[in-house]
Amino acid sequence: MFIKQISIFLENKPGALREMTELLGKGGIDLLALSVADTQNFGIIRIIVDSAHTDSGLLLLRDNGYTAKVNHVICAEVADRPLGLCELLSLIEKAGLSVEYMYSFLRASSSGEAHMILRLSDGEKAAKLFQMHDVKMMSQEEVDAL
Amino acid sequence: MEMGQREHRIYNPAMECISRDELHKLQGERLAATVKREYENVAVYRARMDEAGVKPEDIRGVEDLKYLPFMEKTDLRDYYPFDLLASPKSEIVRIHGSSGTTGKPIVSGYTANDVDVWSEMMARTLTAAGCTSEDIVQVSYGLGLFTGGFGGYQGANKIGAMVVPMSSGNTQRQIMMMRDLGATLLCCTPSYATYLGETIREMGLDPNVDLKLKAGCFGAEPWTEEMRVRIEELLGIDACDIYGLTEIAGPGVAFECLEKHGMHINEDHVIAEIINPATGEQLPYGTPGELVFTTITKTGMPMLRYRTHDICTLTDEKCECGRTLARMGRITGRTDDMLVIRGVNVFPSQIESVLVRADGVAPHYMLIVDRVNSSDTLEVQVEMTEDMFGDTVSHIENVRKYITDQIKSVVGIASKVKLVAPKSIPRSEGKAKRVIDNRKLH
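Protein chains in written order, with the working numbering: chain C, 1 to 146; chain P, 1001 to 1442.
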């Protein structure tokens, strides 16, 4: 139901993102999804890697002086057509939940559906809501298989 | 005007022009009485004297001062708020305070006598800058626990001048009142004087035509001769330096006359020494070292050999103005890590106390002080740690805001907090370098 995400603190300065991706790349860690939240002074990078590499990725980052954490997010399947995302968001809104952030996968699944990674105000409640309304959520195994 | 040719006003010629011999005799008597009072009434200091093997009767003159133990700012923190009082609490009529070295402020209790002594010091200060009962004194130092505002107010009162107690801030209103009421003297920090001058010029006013200001007494923060020239040009006035600290009295402990050649120390109320900060040994006049003050007329909270940590030199050469009081030069540095930012004393340890986490360790941080548009700025760079980090922007912004608010509440000044990457602040071997001061004040 939930998948693992690594979030990383980056200072907003030239080369910071490149350096970090280089570190992960040389460590043999492949990025399945990535989002960059930026402010004037700092950025938060959120990445999804296959779960075999989550712990080693976190260690690699910390060993190289990054502040990083693992958190759990939902990966929901969204119909790849106009209003597909809107329908999902309506569902979330009606349930009184809010989206803290959201981004999409870099790699498409074979099913032809889009996959959105969501951080919602109440993850447990959201997961139940999605189950009730048959919104498909990717499991960690499915993500790893991408 | 050329030096030595101007008219010098002196508030109390009997004291300010006293012969050095008479002064030393008076200081000796007052010192002996103060030491006796302190020994009898302040348990903390009595214990310290006993430990040093000094009895009150050993202190008979100024030359015996060197036998007395020192007092430090940390004493005011450790014995906060009333354990250093040498008078019954019922005789204390006023409290003033400033920021201490950690979260708590330090306070000093004043008896009616102490308020009067301090008022006299400030009356001398303002008079030396040309103030008479005909003058209008605009006090733009903050009025409150901080001594600046009350100092200017009391001194002007004593002279019988008209006081305009504006307190700090609201520059437009300050200028309007200054114009409407025709203030002739200004008391504020030198950086605020510069800002006022710049704003006045920006408003298209010519101080020499539109204002009646003739002089100002500026202190509570370090400044330079270059700043003096700038303030004098901007405002068309004589800018005099003043020195003071809450622990001793407040502003007016020492003041410049219009010769602007060092600050006359009110030596009938305080004894100044210069010591080697490493050994505590007294240094002769003319040698730079740490300034130490002993109050000899204060009764509420007398200070014996109080270490200011300010570095300067003393001279007892007679001044062109006629005063015989010794003069101290500009403060050229600190023996500790205290910073003065917008007139507020700031210690890196205060910032550290805000940043300390549950495990008792503070993240690496760096204070960057600068002066932008005549106003001091403080940027606090803090390395992001895992317990501060969250995966949403709002979480991190909340952490940043929390730190900013805490600093404001503990230190009393606004700062810009910047969260930076771990290990991005340079590590130094030995004592950590916590401050980069780009103001070039010394």
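Please note that a few of the clues may not be correct.
Quick list of in silico lysine-lysine cross-link-like pairs, DSS-like style, CA-CA up to 27 Å [to be verified]:
1. P/K1066 / P/K1158
2. P/K1423 / P/K1408
3. P/K1055 / P/K1066
4. P/K1158 / P/K1089
5. C/K94 / C/K26
6. P/K1440 / P/K1408
7. P/K1066 / P/K1025
8. C/K69 / P/K1036
9. C/K4 / C/K128
10. P/K1089 / P/K1214
11. C/K13 / P/K1318
12. C/K13 / P/K1401
13. P/K1440 / P/K1418
14. P/K1089 / C/K69
15. P/K1025 / P/K1036
16. P/K1158 / C/K69
17. P/K1066 / P/K1318
18. C/K26 / P/K1423
19. P/K1423 / P/K1401
20. P/K1214 / P/K1260
21. P/K1416 / C/K13
22. C/K13 / P/K1260
23. C/K69 / C/K94
24. C/K69 / P/K1423
25. C/K94 / C/K128
26. P/K1212 / P/K1260
27. C/K13 / P/K1423
28. C/K4 / C/K69
29. P/K1423 / P/K1433
Chain C stretches covered by chain P per the calculated footprint, using a threshold of three residues with CB under 8 Å from any CB of chain P [what the hints assert, rightly or not]:
30. 34-46
31. 49-60
32. 119-126
Over the 12 Å line for every Cβ pair with chain C, so calculated as not near, a few chain P residues [what the hints assert, rightly or not]:
33. G1144
34. E1383
35. S1394
36. L1419
Bear in mind the hints are in silico, worked out from the structure with no lab data behind them.
Since this is a predicted model, take the numbers as computed values, not measurements.
Yeah, the Cβ is synthetic: ideal placement off N, Cα and C, and Gly gets one too.
Here is how each hint holds up against the structure:
The straight-line distance between the Cα atoms of P/K1066 and P/K1158 is roughly 35 Å, outside the 27 Å bound, and the hint therefore fails. With a C-alpha separation of about 26 Å, the suggested pair P/K1423 and P/K1408 falls inside the 27 Å cut-off, and the hint holds. This hinted pair checks out: P/K1055 and P/K1066 have alpha carbons roughly 13 Å apart, not beyond 27 Å. Note on P/K1158 and P/K1089: the hinted pairing holds, with a Cα-Cα distance of about 26 Å set against a maximum of 27 Å.
With a C-alpha separation of about 44 Å, the suggested pair C/K94 and C/K26 falls outside the 27 Å cut-off, and the hint is violated. Distance hint between P/K1440 and P/K1408 is fulfilled; the C-alpha atoms sit about 24 Å from each other, no more than 27 Å. For a cut-off of 27 Å, the pair hint linking P/K1066 to P/K1025 stands: about 16 Å separates their Cα positions. For the hint linking C/K69 to P/K1036, the alpha-carbon distance of about 63 Å lies beyond 27 Å, and the restraint is violated.
A C-alpha spacing of about 18 Å is found between C/K4 and C/K128, which places the hinted pair at or below 27 Å, so the restraint holds. Distance hint between P/K1089 and P/K1214 is unfulfilled; the C-alpha atoms sit about 41 Å from each other, more than 27 Å. This hinted pair does not check out: C/K13 and P/K1318 have alpha carbons roughly 58 Å apart, beyond 27 Å. Taking the CA atoms of C/K13 and P/K1401, the gap is about 21 Å. The hint holds against a cut of 27 Å.
As the CA atoms of P/K1440 and P/K1418 are separated by approximately 23 Å, the hinted pair is consistent with the 27 Å bound. Between the alpha carbons of P/K1089 and C/K69 the distance comes to roughly 55 Å, so the proposed pair goes past 27 Å and is violated. Distance check on the hinted pair: P/K1025 and P/K1036 sit about 17 Å apart at the alpha-carbon level, within 27 Å; holds. A C-alpha spacing of about 64 Å is found between P/K1158 and C/K69, which places the hinted pair above 27 Å, so the restraint is violated.
This hinted pair checks out: P/K1066 and P/K1318 have alpha carbons roughly 25 Å apart, not beyond 27 Å. Among the hinted pairs, C/K26 with P/K1423 is consistent with the structure: their alpha-carbon atoms are about 21 Å apart, no more than 27 Å. Between P/K1423 and P/K1401, the direct Cα distance comes to roughly 22 Å. Compliance with the 27 Å bound is thereby established for this hinted pair. Under the criterion of a C-alpha separation no larger than 27 Å, the hint pairing P/K1214 with P/K1260 is consistent with the structure, at around 15 Å.
This hinted pair checks out: P/K1416 and C/K13 have alpha carbons roughly 18 Å apart, not beyond 27 Å. Proposed proximity of C/K13 and P/K1260 is contradicted: the alpha carbons are some 48 Å apart, above 27 Å. As the CA atoms of C/K69 and C/K94 are separated by approximately 31 Å, the hinted pair breaks the 27 Å bound. Between the alpha carbons of C/K69 and P/K1423 the distance comes to roughly 17 Å, so the proposed pair stays at or under 27 Å and holds.
Restraint check for C/K94 and C/K128: satisfied, since their Cα atoms lie roughly 14 Å apart, inside the 27 Å limit. Under the criterion of a C-alpha separation no larger than 27 Å, the hint pairing P/K1212 with P/K1260 is consistent with the structure, at around 21 Å. With a C-alpha separation of about 15 Å, the suggested pairing of C/K13 with P/K1423 holds against the 27 Å cut-off. Proposed proximity of C/K4 and C/K69 is supported: the alpha carbons are some 10 Å apart, at most 27 Å.
In summary, the hint linking P/K1423 to P/K1433 is supported, as the alpha carbons are separated by about 14 Å, within the 27 Å threshold. For a cut-off of 8 Å, the count of residues in the stretch 34-46 of chain C with a CB near a CB of chain P stands at 6, and the three-residue condition holds. Counting residues of the stretch 49-60 of chain C whose CB falls under 8 Å from any CB of chain P gives 0; the rule of at least 3 is not met. Residues of the stretch 119-126 of chain C lying with their CB closer than 8 Å to a CB of chain P number 1, which falls below the three-residue condition for coverage.
With a least CB separation of 33 Å from chain C, P/G1144 remains clear of the 12 Å interface cut-off, as annotated. Non-interface call for P/E1383 relative to chain C: violated, since the shortest CB-CB distance, roughly 8 Å, does not exceed 12 Å. With a least CB separation of 8 Å from chain C, P/S1394 falls inside the 12 Å interface cut-off, contrary to its annotation. At the 12 Å boundary, the C-beta of P/L1419 falls inside the reach of chain C, the nearest C-beta of that chain being 6 Å off.
In this structure, the earlier hints numbered 1, 5, 8, 10, 11, 14, 16, 22, 23, 31, 32, 34, 35 and 36 are contradicted, and the remaining ones agree with it.
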